[in-house]
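Novice: Sequence:
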Amino acid sequence: MQRTLVDAIRNTKRFVEWTGTNRIGSLTASIILLTVILPISSYSVGVPLSRSIHFSSPVLYQGSPTQTSPYITTFPISQNSSDFVPFVLYPASNKTVWVVTIKQGNIINNVIQPPRAQIVKYTIGVGPKPVVSLVNAIPSDIVYDQTLNRVWFLENDSLAYYNQNAPPGNLTVELTFPKGSPQFMTIDPTGRIWLTLLGTNQIAEYDPSTREPPNLYNAPAPNASLQGITTAPDGTIWFAETAAKRLGHLTPCRSTSCTITDYGPPSGVEITFPIQLAIDRNGTVWFTDHGSNQFGSFNPSTLEWKVFPIGYCSASFADCAVGLPNAISLDSSGLIWFSEHYAGRVARYDPSDGTLIEYTVPAVTPPYIWWASPGPGNLVWFVAFGLGEIGYVNASLPVPISISATNSIELEQGGSKNVPASVQKPAGDSVYLSVSANGNDAPVGLSPLLYGSPEQGQIGPSDTAVSTAFRLSAAWNLGLGQRYAALTAYNSNVAINVFVHVNVSQGKTSYFSTGLATTILIGSVALYWRHTPKDRKTGRLRKNRVSATLVQSR
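Residue numbers for the sequence shown follow our numbering, beginning at -6 and rising by one.
Treat the hints with care, as some may be off.
[What the hints assert, rightly or not] Keeping only pairs whose Cα atoms sit at most 20 Å apart, straight-line, the calculated EDC-like set for lysine to aspartate or glutamate is:
| id | residue 1 | residue 2 |
| --- | --- | --- |
| 1 | LYS501 | GLU403 |
| 2 | LYS299 | ASP200 |
| 3 | LYS501 | GLU448 |
| 4 | LYS410 | ASP456 |
| 5 | LYS238 | ASP181 |
| 6 | LYS238 | GLU205 |
| 7 | LYS88 | ASP76 |
| 8 | LYS501 | ASP343 |
| 9 | LYS299 | GLU448 |
| 10 | LYS238 | ASP200 |
| 11 | LYS238 | ASP324 |
| 12 | LYS238 | ASP255 |
| 13 | LYS299 | GLU263 |
| 14 | LYS172 | ASP138 |
| 15 | LYS122 | GLU167 |
| 16 | LYS238 | ASP434 |
| 17 | LYS88 | GLU167 |
| 18 | LYS88 | ASP324 |
[Said to hold, decoys possible] Derived Cβ-Cβ restraints for the label pairs, each shown as a range:
| id | residue 1 | residue 2 | range |
| --- | --- | --- | --- |
| 19 | GLN451 | GLY184 | 32 to 38 Å |
| 20 | PRO393 | GLY184 | 40 to 46 Å |
| 21 | ASN103 | GLN451 | 34 to 40 Å |
| 22 | ASN87 | ARG464 | 41 to 47 Å |
| 23 | GLN451 | GLY327 | 33 to 39 Å |
| 24 | GLN60 | THR295 | 57 to 63 Å |
| 25 | SER460 | THR116 | 27 to 33 Å |
| 26 | PRO419 | ARG464 | 36 to 42 Å |
The hints are simulated quantities; they were obtained by calculation from the structure and are not laboratory data.
Think of the CB as a built atom: it goes at the ideal place given N, C-alpha and C, for glycine as much as any other residue.
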């Protein structure tokens, strides 16, 4: 299959994300590449795949599982950086997960070899089993269809699937969008597949039961760089208009005249790179902001937006503090799970009590938790392509650390305030405290304008319940309005966070400045008056002296 420019762009984008080693390089490149939009010309249905499939798949590395923390178990997929590494996955059962593994092309005799990918069935106790190999393709999404028993994935400009009942290597390209560059997909309750088309700025609707040509809907925002897409409980479709910094909404109607609109945050709520989203039972849209250290929510009924910072990250590798939340999903209990790409953590947010728990994937180098997805058995699966591993968080295990605090404060620009808090933990374990705030108020690379520190940085092994405080401060130039700060209690395995709602009001900067300026003026005139030269004969002030009228500052 001939590679298009869009294919090259997407492969480069994935390569940059895969090999990202600095704070802004991969993100900046992703934004640039995602904004390249190419026109659509046609589509075709049921096109057989040629030249990008190999029926003989190499055997992946089969190592023993490792319980790297009380909550996390990992499974090695690759042994070294030249092997296939996991990229995205989809849990099929409590023991089986479908994985896309990728291998970037090496340079041989000054020639760049094409990238390769595999569709892998990983079963606990059995290990990885590659069933399909691809050349010149890096599938960006994979979904297991329980009803049709198909493994759907996106291959360059095509929607393809692997049939589990067929021999290994069997692959059907169901639908092709020339220059469409599909990015992500979702299956609605009726079995229809919805896709975001980056190249043509469209949403595609396809029904595999009829195999009729797909319906295509133009995104509300031009050059939106469409990314994540999901189905709401009411059957409507939500999607991320990443470059436009908006969330799109489509009401299915099985025609090209469906209602489609989008929503953007109000002034005072800053989002940078919304990339993935999930809808809870109440219809609230939850999203990750891959351009910052935050995730957020949008309530379509009230039009209320909220953004929350991720918790403080203490790992030794440099990218830890960058965060970059990415994949986001809901589990069967309504809890929000998302991956923290650079921070190397899998996060769980509970909307009922506002608690954020972040599970650390132990590593001495960045694990790069690009993807995570809740599955059966209360296991939340993830990929750590920086380590060549997949793994899961056992969400059934309780976390014996808790933190509570005053949930709302008023804070003036230039002011500080203590926030009372309490921490509970088991004896014998040390817990550390810190503060995380949203950095979107400050220019890139500079410290946040809302910041803070704990009254005590560590709670020792002998303490089990401690009353403490965190001091939050606002810079003079912090914008007015509402925002959140995270108070974090953490150890080497987890970080537990509660959020403090901070309402920033105008400080006394203007009065201070006026008073200071008036004082300087009074002092200057007084000095001038005192040292104005006098006539030696008369003892009077010379003519042409300066007079001034002073206005007392209030």
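Novice: State for each hint whether it applies.
Specialist: Quick rundown of the hints versus the structure:
no., hint, verdict
1, LYS501 to GLU403, "14 Å, holds"
2, LYS299 to ASP200, "35 Å, violated"
3, LYS501 to GLU448, "26 Å, violated"
4, LYS410 to ASP456, "26 Å, violated"
5, LYS238 to ASP181, "25 Å, violated"
6, LYS238 to GLU205, "33 Å, violated"
7, LYS88 to ASP76, "24 Å, violated"
8, LYS501 to ASP343, "38 Å, violated"
9, LYS299 to GLU448, "27 Å, violated"
10, LYS238 to ASP200, "29 Å, violated"
11, LYS238 to ASP324, "26 Å, violated"
12, LYS238 to ASP255, "10 Å, holds"
13, LYS299 to GLU263, "10 Å, holds"
14, LYS172 to ASP138, "26 Å, violated"
15, LYS122 to GLU167, "23 Å, violated"
16, LYS238 to ASP434, "16 Å, holds"
17, LYS88 to GLU167, "28 Å, violated"
18, LYS88 to ASP324, "17 Å, holds"
19, GLN451 to GLY184: 32 to 38 Å, "54 Å, violated"
20, PRO393 to GLY184: 40 to 46 Å, "43 Å, holds"
21, ASN103 to GLN451: 34 to 40 Å, "54 Å, violated"
22, ASN87 to ARG464: 41 to 47 Å, "45 Å, holds"
23, GLN451 to GLY327: 33 to 39 Å, "34 Å, holds"
24, GLN60 to THR295: 57 to 63 Å, "43 Å, violated"
25, SER460 to THR116: 27 to 33 Å, "49 Å, violated"
26, PRO419 to ARG464: 36 to 42 Å, "27 Å, violated"
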